Amino acid sequence: MDLSEKMVTGRGNFVDDINLPGMLHLAFVRSPYPRARIKGITGGITSRDIDMKMASVGEGASAGFEYLEHPVLAKEYVGYVGQPVAAVYSENAYEAEDLVDTVDVDYEPLTAIVDPEKALSADPMYPGLKSNILADRYLGEDFQVDAPVVIEDHFVNHRIATDPIEPRGIVAAYDGKRLTVWISTQSVHTIKQGFCQVMNLSPDAVRVIQTDTGGAFGLKGGFYPEYVVAAWLAMKEGRPVKWIETRSEHLLASRPGRGVVGRMKLYANREGRILGIKGDVIVDSGAFAGGSGEFSSRFIAMQITGPYEINNAHIHALSVLTNKVPQGPYRGAGRPEAAFFMERMVDKLADELHMDPVDVRMINATREPFKSPTGLTVEASKPFLEQAVKAMDYQGHRKKGNFGFGWFVLVPATMPGETARILVEDRGIKVWLGGTAHGQRHDLFVKSILADELGVDPEIVEWQKGDTDQLKEGVGAWGSRSAMMGGSALVEAARKLREQVEKKYGKYSVSKLLDGKWDSYEYFHYDKPYTSLGANLITVSTDRYGRVRVDECISYYDLGKVLNMDNATGQNAGGCAEGIGQTLYEGLMFDDNGQMITSSIADAGVVKATMVPRYRLILHRSESTLPSKAKGLGEAPTIGTPVALSRAIEVATGLRITETPINPEYLISAVQEP
Amino acid sequence: MMPPAFEYYAPTGVDEVIDLLEKYGDDAKILAGGQSLIPLLKSRITAIPYLISLSGIKDLSYITESSNATRIGAMTVDSDLEYSDTIRKRYPILMDALGKLADPLVRNMGTVGGNISHGDPSNDLPAVMLALKATFVARGRGGNRNIKARDFFLDTFTTALEHDEVLTEISIPVWKEHSGGSYVKFEKGTWNFSVAGSAVQLRLENGAVVEAGIAITSMGPKAMYIPEAEDYLLGKKFHKSVISEAADIVVEKSQPSPDTYGSVEYKKNILKRITMEALENAFRRSGGVK
Ligand SMILES: Cc1cc2nc3c(=O)[nH]c(=O)nc-3n(C[C@H](O)[C@H](O)[C@H](O)COP(=O)(O)OP(=O)(O)OC[C@H]3O[C@@H](n4cnc5c(N)ncnc54)[C@H](O)[C@@H]3O)c2cc1C
Numbered sequence: 001m002d003l004s005e006k007m008v009t010g011r012g013n014f015v016d017d018i019n020l021p022g023m024l025h026l027a028f029v030r031s032p033y034p035r036a037r038i039k040g041i042t043g044g045i046t047s048r049d050i051d052m053k054m055a056s057v058g059e060g061a062s063a064g065f066e067y068l069e070h071p072v073l074a075k076e077y078v079g080y081v082g083q084p085v086a087a088v089y090s091e092n093a094y095e096a097e098d099l100v101d102t103v104d105v106d107y108e109p110l111t112a113i114v115d116p117e118k119a120l121s122a123d124p125m126y127p128g129l130k131s132n133i134l135a136d137r138y139l140g141e142d143f144q145v146d147a148p149v150v151i152e153d154h155f156v157n158h159r160i161a162t163d164p165i166e167p168r169g170i171v172a173a174y175d176g177k178r179l180t181v182w183i184s185t186q187s188v189h190t191i192k193q194g195f196c197q198v199m200n201l202s203p204d205a206v207r208v209i210q211t212d213t214g215g216a217f218g219l220k221g222g223f224y225p226e227y228v229v230a231a232w233l234a235m236k237e238g239r240p241v242k243w244i245e246t247r248s249e250h251l252l253a254s255r256p257g258r259g260v261v262g263r264m265k266l267y268a269n270r271e272g273r274i275l276g277i278k279g280d281v282i283v284d285s286g287a288f289a290g291g292s293g294e295f296s297s298r299f300i301a302m303q304i305t306g307p308y309e310i311n312n313a314h315i316h317a318l319s320v321l322t323n324k325v326p327q328g329p330y331r332g333a334g335r336p337e338a339a340f341f342m343e344r345m346v347d348k349l350a351d352e353l354h355m356d357p358v359d360v361r362m363i364n365a366t367r368e369p370f371k372s373p374t375g376l377t378v379e380a381s382k383p384f385l386e387q388a389v390k391a392m393d394y395q396g397h398r399k400k401g402n403f404g405f406g407w408f409v410l411v412p413a414t415m416p417g418e419t420a421r422i423l424v425e426d427r428g429i430k431v432w433l434g435g436t437a438h439g440q441r442h443d444l445f446v447k448s449i450l451a452d453e454l455g456v457d458p459e460i461v462e463w464q465k466g467d468t469d470q471l472k473e474g475v476g477a478w479g480s481r482s483a484m485m486g487g488s489a490l491v492e493a494a495r496k497l498r499e500q501v502e503k504k505y506g507k508y509s510v511s512k513l514l515d516g517k518w519d520s521y522e523y524f525h526y527d528k529p530y531t532s533l534g535a536n537l538i539t540v541s542t543d544r545y546g547r548v549r550v551d552e553c554i555s556y557y558d559l560g561k562v563l564n565m566d567n568a569t570g571q572n573a574g575g576c577a578e579g580i581g582q583t584l585y586e587g588l589m590f591d592d593n594g595q596m597i598t599s600s601i602a603d604a605g606v607v608k609a610t611m612v613p614r615y616r617l618i619l620h621r622s623e624s625t626l627p628s629k630a631k632g633l634g635e636a637p638t639i640g641t642p643v644a645l646s647r648a649i650e651v652a653t654g655l656r657i658t659e660t661p662i663n664p665e666y667l668i669s670a671v672q673e674p
Numbered sequence: 675m676m677p678p679a680f681e682y683y684a685p686t687g688v689d690e691v692i693d694l695l696e697k698y699g700d701d702a703k704i705l706a707g708g709q710s711l712i713p714l715l716k717s718r719i720t721a722i723p724y725l726i727s728l729s730g731i732k733d734l735s736y737i738t739e740s741s742n743a744t745r746i747g748a749m750t751v752d753s754d755l756e757y758s759d760t761i762r763k764r765y766p767i768l769m770d771a772l773g774k775l776a777d778p779l780v781r782n783m784g785t786v787g788g789n790i791s792h793g794d795p796s797n798d799l800p801a802v803m804l805a806l807k808a809t810f811v812a813r814g815r816g817g818n819r820n821i822k823a824r825d826f827f828l829d830t831f832t833t834a835l836e837h838d839e840v841l842t843e844i845s846i847p848v849w850k851e852h853s854g855g856s857y858v859k860f861e862k863g864t865w866n867f868s869v870a871g872s873a874v875q876l877r878l879e880n881g882a883v884v885e886a887g888i889a890i891t892s893m894g895p896k897a898m899y900i901p902e903a904e905d906y907l908l909g910k911k912f913h914k915s916v917i918s919e920a921a922d923i924v925v926e927k928s929q930p931s932p933d934t935y936g937s938v939e940y941k942k943n944i945l946k947r948i949t950m951e952a953l954e955n956a957f958r959r960s961g962g963v964k
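Residue numbers (my numbering), protein chains in the order written: chain A, 1 to 674; chain B, 675 to 964.
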């Protein structure tokens, strides 16, 4: 059966489907306060039992300041609603949840720091800190230009729940020597690394096995306190332990993405040439270090100049502490924010000068490869833009009406490369990649690559889920990297295999390969960025209530060599839907006291099937120089959709768009009184 | 997201349901399609030690038509109404509501009786029943009693049903010729529930209104009918200024509260627009728009 079919007909084997004899179920007591001192706890497993701090692993990992490290279980204070304070367990999941009420926590609530901009100057959250600023860096150099046109604006991308259909989950078991965990993840290796670091286990003593993973979007590359408690309990009791996150826990306490403010100032001449950009990027990092919040302000600031040749740029990258769950990577992870800030400014410039937005973009596109003052490298973007405009029929759309255009540089997370292993045995082929697919169907491109490289029937190629015992090293599936890095590792591993067969028999043939037993492992190292370009054009209609309907989403992306077309169209459709979600519906909102007011999946705004448009993916094929010849894709639509859609809405309503999700109350102001 | 422990009964007759409700008092509650009650239990907003399911009672699911009424068994699921020829022919207003009520999965489980008995001001069917001037049949220890829809909804999650009464039937009068209705719902973002819903049912003679039912959803502590707007419409023919003024009266009587989905002002703005749309549809469907 096809993998997708299996997943959607209930025949997947997800972590919650694992039931081991004697298994215990874990549940968490979580802070109801955004900020409080803990005066006492009675009952449950607490920090007295597990006095450990979280390590930072996975996408955007960074070393935290010691006193800002996230404790596995809260000790003296809590910094966000949903923070794990204690754990309870039972042989039955229902009873475990009942036991949550038996733990008594005595809190002394404190005034929460909620708004990231106000947090910059608020009293420090923790004693010993000088301010709430967690990361503070300038990119580019300060400059002075004589610009006849100066445009300023303020942007907000609110926080977004990652909301995979399958929330987080783990089963941990211990046989006295070795810890084995089954987990829903983007990388078995980061999970293993997390256990080794936090629990001080030797690498031989940990095995991590991936279960079918029902979506992740960045969340499941990270390592979380609940996992440590599950493992600790399994080791202490000598019994398997299961923890499955509920949707409510997910919305409250799973690391969300976005949550970024941009304050931009653009300098230009009257012909539309951009002379420079200044601004602040402020990331709402949440209450502890070690999330991606700390590092993403810098990553966003680096990308601000986009596909443009802008010779002056000076961006203040700030990550600030707030009493919210630490920010994490969400599909795009810094890339959509940068594009949103820049593309919105360029549209504003076009409006100010009464120029066509694409004309302004054309004037500022680069003819040559360009390295921007913030450190972003782009290829010659002008030829790409010319072709994009033609392929998407920009001129035709101009005559028809409500549409928006946006383009961007995609910076995939190439570093430090990726691993792959091919095992040929019993006339079958098994493949492991260091980055484990969690819904993208890596099995499809794995088959395509081996059919190409080894001439084998794709039917006999079986993609395997992650298992640290089967693949000794690996990085992870995130940051638009798998076809590029995982694909290249696989190509190299296949070539090695071919060589082995040639060496033994003088000549390669499929039958010789399949007659034998072969094992080929490759770590494809890569330590440079490898960017590519993309563009989106979106058409919308609006109704008498100010509601926006997205009619068509056209993507024009440079994917290099397309390894598998179903992979590409699937990634494009899902990413566009998420881009629409961000723009129109998705946001985790908080009241002034720091309580979340979007506490159900519907309030958090995930788009429904009835809300998605027609998709069209047009390929700009310029092969990469990597062994797989692929370029990045996964995050592209989440970058291009919000910018093109915001512009389309601006054109349709005449309202300036600076915030996502766009408030419906704002949109209705554009429609006539009934 | 796991309910606290409860005991589950599925008796085969209404009398046994009443027995159990009397026996366990406030610790017991009726379970119909579970689409409102189970989420409340799973999120532990409420705990109910004894659930008495109506699913074992065979004769509570039916749609029967007579010349002056349509009778619907309380356990009839929403999707049965949605695919009923009787409902489609007689009550376009109900079809409007069903098409936008939750999603097909919920409609396959959720019951008409549950939708009404829950007393949720955001549920769609109460306003439709108010506009259609339906009557509900409640069965208790002493037998059946009829409760007019207009006397049924008392407050948020509070109805005229006694604790040991079971809603068994919904009876909707047949609206004679030159009548028609419409339900217009403005959904919250990606939710099924509404910012506002507006139900309008009209009957005309020579193009002028002789009977009107107007009620609104999500616009106060309970589903509310608006007699002032109904009275205003009597004798009036379709005109833009008529529907606008009627909608103004509806807005004036509404009691929305602000939340993440909008301010009071915004909600009233939406209500005005959807009420005008529902009025226009209702006039058109009763043949009153030339
Ligand atoms: C995702 C989702 C979206 C939804 N969206 C909408 C929507 O857009 N519009 C809408 O109107 N509804 C919506 N609902 C609610 C849904 O319509 C429910 O089915 C309905 O509110 C309750 O009907 P039920 O049969 O499921 O009742 P239950 O949940 O079983 O019961 C609800 C209450 O009514 C009582 N009760 C039930 N039947 C009787 C009876 N015969 N006599 C006395 N008391 C009784 C129960 O004791 C309980 O208190 C949604 C639900 C979900 C899960």
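Take the hints with a grain of salt, since some may be wrong.
[Stated by the list, open to error] Chain B is faced by these chain A residues, among others (derived, beta-carbon under 7 Å):
#1 Ser90
#2 Tyr94
#3 Lys608
Everything labelled a hint here was simulated from the structure, so no lab data went into it.
Remember, it's a predicted structure, so these values are computed and weren't measured experimentally.
C-beta atoms are modelled at their ideal positions from N, C-alpha and C, and glycine is treated no differently.
Cross-check of the supplied hints:
no.	hint	in the structure
1	Ser90	violated (11 Å)
2	Tyr94	holds (5 Å)
3	Lys608	holds (6 Å)
Violated hint: 1 only; the structure is consistent with all others.
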